[in-house]
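Student: Just so you know, the sequences run in chain order A and B.
Under the numbering used here, the first residue of the first sequence carries the number 1, and numbering increases by one thereafter.
Under the numbering used here, the first residue of the second sequence carries the number 480, and numbering increases by one thereafter.
Just so you know, the hints here were simulated from the structure itself, not pulled from any lab data.
Please note: incorrect hints may appear among the correct ones.
Said to hold, decoys possible - Below, simulated DSBU-like cross-link-like pairs (lysine-lysine); rule was C-alpha separation at most 35 Å, straight line:
| hint | chain 1 | residue 1 | chain 2 | residue 2 |
| --- | --- | --- | --- | --- |
| 1 | B | K482 | A | K25 |
| 2 | B | K587 | B | K531 |
| 3 | B | K483 | A | K182 |
| 4 | A | K263 | A | K346 |
| 5 | B | K483 | A | K186 |
| 6 | B | K482 | B | K531 |
| 7 | B | K531 | B | K739 |
| 8 | B | K773 | B | K713 |
| 9 | B | K823 | B | K713 |
| 10 | A | K114 | A | K142 |
| 11 | A | K91 | A | K350 |
| 12 | B | K483 | A | K193 |
| 13 | B | K487 | A | K193 |
| 14 | A | K263 | B | K509 |
| 15 | B | K482 | A | K182 |
| 16 | A | K304 | A | K350 |
| 17 | B | K823 | A | K193 |
| 18 | B | K739 | B | K707 |
| 19 | A | K447 | B | K707 |
| 20 | B | K713 | B | K596 |
| 21 | A | K180 | B | K483 |
| 22 | B | K482 | A | K180 |
| 23 | B | K487 | A | K263 |
| 24 | B | K587 | B | K566 |
| 25 | B | K487 | B | K509 |
| 26 | A | K193 | B | K482 |
| 27 | B | K646 | A | K447 |
| 28 | A | K25 | B | K487 |
| 29 | B | K487 | A | K182 |
| 30 | B | K482 | B | K646 |
| 31 | A | K263 | B | K773 |
| 32 | B | K487 | A | K186 |
| 33 | A | K114 | B | K483 |
| 34 | A | K25 | B | K483 |
| 35 | B | K598 | B | K487 |
| 36 | B | K773 | A | K447 |
| 37 | A | K180 | B | K531 |
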Amino acid sequence: MLFNSFAFLVFCPLVTIVYFLLAHKFRWAWLLLASCVFYMFFIPQYIVILFVTITIDYWAGIKIAESEGRKRKTYLLISIISTILVLAIFKYANFLNNNVVALAQLLHWNYPVKALNIILPIGLSFHTFQSLSYVVEVYRGKHPAERNFGIYSLYVMFYPQLVAGPIERPQNILYQFYEKHKFNYKDVTSGMKLMAWGFFKKLVIADRLAAIINPVYDHPGHYSGATLVFVTLLFAQQIYCDFSGYSDIAIGIARVMGFRLMKNFDTPYFSKTISEFWTRWHISLSTWFRDYVYIPLGGNRVVKWRWYYNLMITFVLSGLWHGAAWTFVIWGGLNGLYLVIEAGTKRWRKKASDIIGLSKFPKFEGYLQNFVTVLLISFAWIFFRANTLSDAALIISKIFSADIFNLQFSSFIDSYSLVLCIGFILLLEFAQAYHKRFNLATYVAEKPSYFRFVMYALFVALILNFGIFSSKGFIYFQF
Amino acid sequence: MVKKLVLKIAGILIIVALINVPIRYLFYNKQLPYYWGNHFTLIKRNYLVDHKANFNTLFLGSSKTHYQVEPVLFDSLVNSSSPDTNKIHSYNFGIDGMMPPESFYLYKSILENDSLKFKTVILELNFLQTGETKNMFTWRGYYWLHRDTYQDYMSSMLESQYPLIQKAWNFSLVNTMAVEKVYNMGMFNELVEFHREQFMDDTGKEATNHGFLALPRHKEFSPVERQKVIDVRKASLDATNNYDAWAAGKLNENFNDCVKDVIDISRKRGIRLIFLLPAEWNSYQYKEIFPILKTIPDHDKIVMYQYDEKFKPLFEFENMFDNSHVNGYGARIYTGYVAEAFEKIR
Chain A
1 MLFNSFAFLV FCPLVTIVYF LLAHKFRWAW LLLASCVFYM FFIPQYIVIL FVTITIDYWA
61 GIKIAESEGR KRKTYLLISI ISTILVLAIF KYANFLNNNV VALAQLLHWN YPVKALNIIL
121 PIGLSFHTFQ SLSYVVEVYR GKHPAERNFG IYSLYVMFYP QLVAGPIERP QNILYQFYEK
181 HKFNYKDVTS GMKLMAWGFF KKLVIADRLA AIINPVYDHP GHYSGATLVF VTLLFAQQIY
241 CDFSGYSDIA IGIARVMGFR LMKNFDTPYF SKTISEFWTR WHISLSTWFR DYVYIPLGGN
301 RVVKWRWYYN LMITFVLSGL WHGAAWTFVI WGGLNGLYLV IEAGTKRWRK KASDIIGLSK
361 FPKFEGYLQN FVTVLLISFA WIFFRANTLS DAALIISKIF SADIFNLQFS SFIDSYSLVL
421 CIGFILLLEF AQAYHKRFNL ATYVAEKPSY FRFVMYALFV ALILNFGIFS SKGFIYFQF
Chain B
480 MVKKLVLKIA GILIIVALIN VPIRYLFYNK QLPYYWGNHF TLIKRNYLVD HKANFNTLFL
540 GSSKTHYQVE PVLFDSLVNS SSPDTNKIHS YNFGIDGMMP PESFYLYKSI LENDSLKFKT
600 VILELNFLQT GETKNMFTWR GYYWLHRDTY QDYMSSMLES QYPLIQKAWN FSLVNTMAVE
660 KVYNMGMFNE LVEFHREQFM DDTGKEATNH GFLALPRHKE FSPVERQKVI DVRKASLDAT
720 NNYDAWAAGK LNENFNDCVK DVIDISRKRG IRLIFLLPAE WNSYQYKEIF PILKTIPDHD
780 KIVMYQYDEK FKPLFEFENM FDNSHVNGYG ARIYTGYVAE AFEKIR
């Protein structure tokens, strides 16, 4: 079920109202039932896969807690392997097979294995990672094994974050399912405001941008380098609004019911370095990779070459997590490379800044760093968005070609829509940039009720009038 | 606290509606013409307006008109023995999924807004439908639903003989669309889409060839599809055998009023209005239509639903595209029957 669908418009209030009406002891069961319905709106039979992974990880969690010594590791491995196996079959088998087929063709081998005719279960990468974080935390002794199968199932399936995160840790969410959440007016209203903000980002900005970006990225050969640069910068905004919009809605829904989900985005395009960007973009995934891949590999407390290696491995895996295609692997690798270069040139850059006197103007230096960071991140998005590797290569070659100054608009109306998009993006950026100094939500909340009513109504009217209500899926659902 | 929250939400929704209603009347309604909601409606309407001198007869209805009535063939069949002054030049304004009350709305709008003149209009008589579910959140879902059509539709639908679940579904569909309208949901984008479609200047195969498009021959019917065709035959056979009993059933007064309305409008404009009833796929649809069909004089209707010796070829697999439509071969047979029936009542 999509958040931006009619079904959800009925589903969400119904689930929330019944949730508050029910006695506390029945609430988890109701939420679990609702989460199953939510998931089954996509491909119903895939709930069996989810059930199998939940059962294995639940069992493994208990066994890890009850065992000692090497047995604990064995149970952990059983859990990890089985979870990864599901991911491998549904997400990576065809990718691997396609590569073997290509290699076989190159070497004139006879390789008759055909691609599997399967569809990726929605949100598979998200809930498998959430499951993995549970068994690892139990293994590390940071969280006790969950004994209630229903509650554990709800931990994996909690519908606001089931298909696109935030990827939660057991320490943050499991205990909340045992807490009695009373109807809290403040939580409900702040949750609803967050949802409205998320819908604004998704329906008004991201989906409108999609209509401009998709035709260009589907036929990059038809467009000039300047158009491709411009559209790539727009894509950076689209993916941010799409994904952070989803996260806002998810966090908002949970908050209405009294649950606290972790923050997933923190104005990432205001970062001054790539490393800062990755602490503010998709925080739940970045911290997952930090805690379960990067640090176990040794993190930065190793020799330099090993540190760089750890960074590269982590980001290549992160790319692969996003999608089973070389474009995602290169996207991840490129971000890893940025971080390696950033780490390796830190001292030189500081020196250079001092020599040319840039460090005397810290504000200007900050803007410049931010500008470069956004450009680098946007360049990497080319691989993320391009349909194929050859498309990505074509886009890059066009960007660095002579027609870089030839900006094309296919028709008046596209530029009209574009102007609107840019206006909304500026509004968003303004709201985010001045969030700390001037919080619009707090400002409105302090005004008399008639003023607040009109402001909220205007915002809702803006979403309704300018939103695109064709139930477009969220970009991150494909992962 | 709950009461306070509910009141606040209700208050905000009322203010949103109050903001949106004037915007719609002052802006969107002026910018968007009656044919804006569907690409095929737009291109067929534009084609018809551009070539209005070429046509004096209009077929109007759903895909059962669009894919089944071949105007060039129809014209040649009915014109072979008529004098030059009485020649028929027909255009097929069939639009996929367009049933009453949408088709009635479109018919009235064409007459009122585009000053088109027809000698004859052959209007498909079909069961009440809000439009396809897939169109619900698109521009298609909005355009025909105005205050009057909403009232007509709701009262007709509530009075209909639909199974309860179908009634509830239609009720939710049409009311969701009404809410979308009240709140101008996605309206700006509709405006953008309308202008984009205008820019496309696409008068492709749907609009040319007198508005007719033949469906290809179905290669192979799956067991499920075969069963659906068998169900259609059964429904038609039941309808053929039970016409008198079903026609004596409860008349849907509101739906009938809508039918009378289009008859009145046609009469005032000097248009010969003929209703055309194609085969349906469910008995309740016939039960809905037959009491209305009975009120229409024989010389103002063409009925094509019967599963008898004559019409059997229309239900043969080789002439069908799916359970609801004939293919190109079937369309020639269907058009032939329509022409034959038309000649009798001309």
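Student: Against this structure, judge whether each hint is valid.
Tutor: Each hint tested on the structure:
With a CA separation close to 25 Å, the supplied pair B/K482 and A/K25 stays within the 35 Å bound. Of the supplied pair hints, the one linking B/K587 and B/K531 holds, its CA atoms being roughly 17 Å apart against a limit of 35 Å. Between B/K483 and A/K182, the direct Cα distance comes to roughly 16 Å. Compliance with the 35 Å bound is thereby established for this hinted pair. Under the criterion of a C-alpha separation no larger than 35 Å, the hint pairing A/K263 with A/K346 is consistent with the structure, at around 29 Å.
Restraint check for B/K483 and A/K186: the C-alpha separation of about 12 Å stays at or below 35 Å, so the hint holds. A hinted pair counts as satisfied when its Cα atoms are at most 35 Å apart, and B/K482 with B/K531 does not qualify at roughly 60 Å. The suggested pairing of B/K531 with B/K739 holds, with an alpha-carbon distance near 26 Å, which does not exceed 35 Å. Between B/K773 and B/K713 the CA atoms are separated by roughly 22 Å; this keeps the pair inside 35 Å, and the hint holds.
Taking the CA atoms of B/K823 and B/K713, the gap is near 28 Å; set against the 35 Å cutoff, the hint holds. Distance hint between A/K114 and A/K142 is unfulfilled; the C-alpha atoms sit about 44 Å from each other, more than 35 Å. Only pairs whose Cα atoms come within 35 Å are accepted, and A/K91 paired with A/K350 is rejected, the gap being roughly 43 Å. Simply put, B/K483 and A/K193 have alpha-carbon atoms about 16 Å apart, close enough for the 35 Å limit, and the pair holds.
Between B/K487 and A/K193 the alpha-carbon distance is near 13 Å, which keeps this suggested pair within the 35 Å criterion. As the CA atoms of A/K263 and B/K509 are separated by approximately 44 Å, the hinted pair breaks the 35 Å bound. A distance of roughly 15 Å separates the Cα atoms of B/K482 and A/K182; the hinted pair therefore holds under the 35 Å criterion. Simply put, A/K304 and A/K350 have alpha-carbon atoms about 19 Å apart, close enough for the 35 Å limit, and the pair holds.
With a CA separation close to 67 Å, the supplied pair B/K823 and A/K193 exceeds the 35 Å bound. Pair hint B/K739 plus B/K707 holds up; C-alpha atoms about 33 Å apart against a cutoff of 35 Å. Under the criterion of a C-alpha separation no larger than 35 Å, the hint pairing A/K447 with B/K707 is inconsistent with the structure, at around 62 Å. Between B/K713 and B/K596 the alpha-carbon distance is near 40 Å, which puts this suggested pair outside the 35 Å criterion.
This hinted pair checks out: A/K180 and B/K483 have alpha carbons roughly 22 Å apart, not beyond 35 Å. Between B/K482 and A/K180 the alpha-carbon distance is near 21 Å, which keeps this suggested pair within the 35 Å criterion. Taking the CA atoms of B/K487 and A/K263, the gap is near 28 Å; set against the 35 Å cutoff, the hint holds. Restraint check for B/K587 and B/K566: the C-alpha separation of about 24 Å stays at or below 35 Å, so the hint holds.
Between B/K487 and B/K509 the alpha-carbon distance is near 32 Å, which keeps this suggested pair within the 35 Å criterion. Of the supplied pair hints, the one linking A/K193 and B/K482 holds, its CA atoms being roughly 18 Å apart against a limit of 35 Å. With a CA separation close to 46 Å, the supplied pair B/K646 and A/K447 exceeds the 35 Å bound. Only pairs whose Cα atoms come within 35 Å are accepted, and A/K25 paired with B/K487 is accepted, the gap being roughly 30 Å.
In summary, the hint linking B/K487 to A/K182 is supported, as the alpha carbons are separated by about 20 Å, within the 35 Å threshold. Proposed proximity of B/K482 and B/K646 is supported: the alpha carbons are some 32 Å apart, at most 35 Å. Annotation: proposed proximity of A/K263 to B/K773 is violated, straight-line Cα distance about 66 Å (limit 35 Å). Between B/K487 and A/K186 the CA atoms are separated by roughly 13 Å; this keeps the pair inside 35 Å, and the hint holds.
A C-alpha spacing of about 61 Å is found between A/K114 and B/K483, which places the hinted pair above 35 Å, so the restraint is violated. Under the criterion of a C-alpha separation no larger than 35 Å, the hint pairing A/K25 with B/K483 is consistent with the structure, at around 27 Å. With a C-alpha separation of about 57 Å, the suggested pairing of B/K598 with B/K487 is violated against the 35 Å cut-off. In summary, the hint linking B/K773 to A/K447 is not supported, as the alpha carbons are separated by about 65 Å, beyond the 35 Å threshold.
Simply put, A/K180 and B/K531 have alpha-carbon atoms about 70 Å apart, too far for the 35 Å limit, and the pair is violated.
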